[in-house]
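Novice: In the order they appear, the protein sequences are chains A and B. With the working numbering applied, the first sequence closes on residue 112, and no number is skipped along the way. With the working numbering applied, the second sequence closes on residue 113, and no number is skipped along the way.
You may find that some hints are simply not true.
BS3-like mimics (lysine-lysine), calculated; alpha carbons at most 27 Å apart, straight line [as the list claims (entries may be wrong)]:
#1 Lys9/B - Lys44/B
#2 Lys42/A - Lys56/A
#3 Lys14/B - Lys44/B
#4 Lys70/A - Lys56/A
#5 Lys70/A - Lys9/B
#6 Lys56/A - Lys67/A
#7 Lys14/B - Lys42/A
#8 Lys44/B - Lys57/B
#9 Lys9/B - Lys57/B
#10 Lys9/B - Lys42/A
#11 Lys67/A - Lys44/B
#12 Lys42/A - Lys57/B
#13 Lys14/B - Lys70/A
#14 Lys14/B - Lys57/B
These aren't lab readings, by the way, just hints derived from the structure by calculation. Quick caveat, the model's predicted, so the values are computed rather than measured.
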Amino acid sequence: QKEVEQDPGPLSVPEGAIVSLNCTYSNSAFQYFMWYRQYSRKGPELLMYTYSSGNKEDGRFTAQVDKSSKYISLFIRDSQPSDSATYLCAMSETGGSYIPTFGRGTSLIVHP
Amino acid sequence: NAGVTQTPKFRILKIGQSMTLQCTQDMNHNYMYWYRQDPGMGLKLIYYSVGAGITDKGEVPNGYNVSRSTTEDFPLRLELAAPSQTSVYFCASSPTGQTYGYTFGSGTRLTVV
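Put together the whole structure using the sequences plus the hints.
Specialist: Structure, rendered in structure tokens:
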């Protein structure tokens, strides 16, 4: 079992839909949880991060962490064609080098 | 403010050749990282550095070497290129080790034939 599991998709939705992207993990020591967005032929850019459990909202994006289930989610409301990208989850432990473990990424396509 | 700059953007190498992938950041970040990204496989850490003169291996260091003589530069050296090194390489930097502070470059797409 991989430390971080993420469905590669692609996930295709119509414009305006609510999108749910998810990752599961096995390492209970993970405390920092991040979502990166990567457009085609570009480097990843940090979208959101949360520490420990709970929700965090930023505009149309909501990040959710359920540590009891070892499950994190990214919700995108009112999805736009410009949201079409690959979304990578990443997580790390506290202390030490903080080196994150990345998921494989989920390809999202929002069609007009 | 350029952020993290990687050169070249594309390169084709023949088996057995060597090359250096350049990475420069202008944010005065102490931490720098090299990742490779294979299709559908996520990001794998090759090497990282916590400051000038200090480097350490990541998950997949074999076939690569790094050096960090200045805060700004973190070149990645490929010796004796092999087809398995065909990948997209990303350099990243952060002010501290916290992973939510990463800034990535735009990548170098390398093909070994």
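Novice: Indicate, hint by hint, whether the structure satisfies it.
Specialist: Now for the hints, and whether the structure bears them out:
1. Lys9/B - Lys44/B: Given pair Lys9/B, Lys44/B holds - Cα atoms ~19 Å apart, limit 27 Å.
2. Lys42/A - Lys56/A: holds, 26 Å
3. Lys14/B - Lys44/B: holds, 23 Å
4. Lys70/A - Lys56/A: It holds: about 17 Å lies between the C-alpha atoms, which stays within 27 Å.
5. Lys70/A - Lys9/B: violated, 37 Å
6. Lys56/A - Lys67/A: holds, 14 Å
7. Lys14/B - Lys42/A: holds, 25 Å
8. Lys44/B - Lys57/B: Status holds; Cα separation ~11 Å.
9. Lys9/B - Lys57/B: holds, 24 Å
10. Lys9/B - Lys42/A: Holds - the C-alpha atoms of Lys42/A and Lys9/B are around 11 Å apart, at most 27 Å.
11. Lys67/A - Lys44/B: holds, 24 Å
12. Lys42/A - Lys57/B: holds, 25 Å
13. Lys14/B - Lys70/A: Violated. Lys14/B to Lys70/A sits at ~44 Å, over the 27 Å cutoff.
14. Lys14/B - Lys57/B: holds, 25 Å
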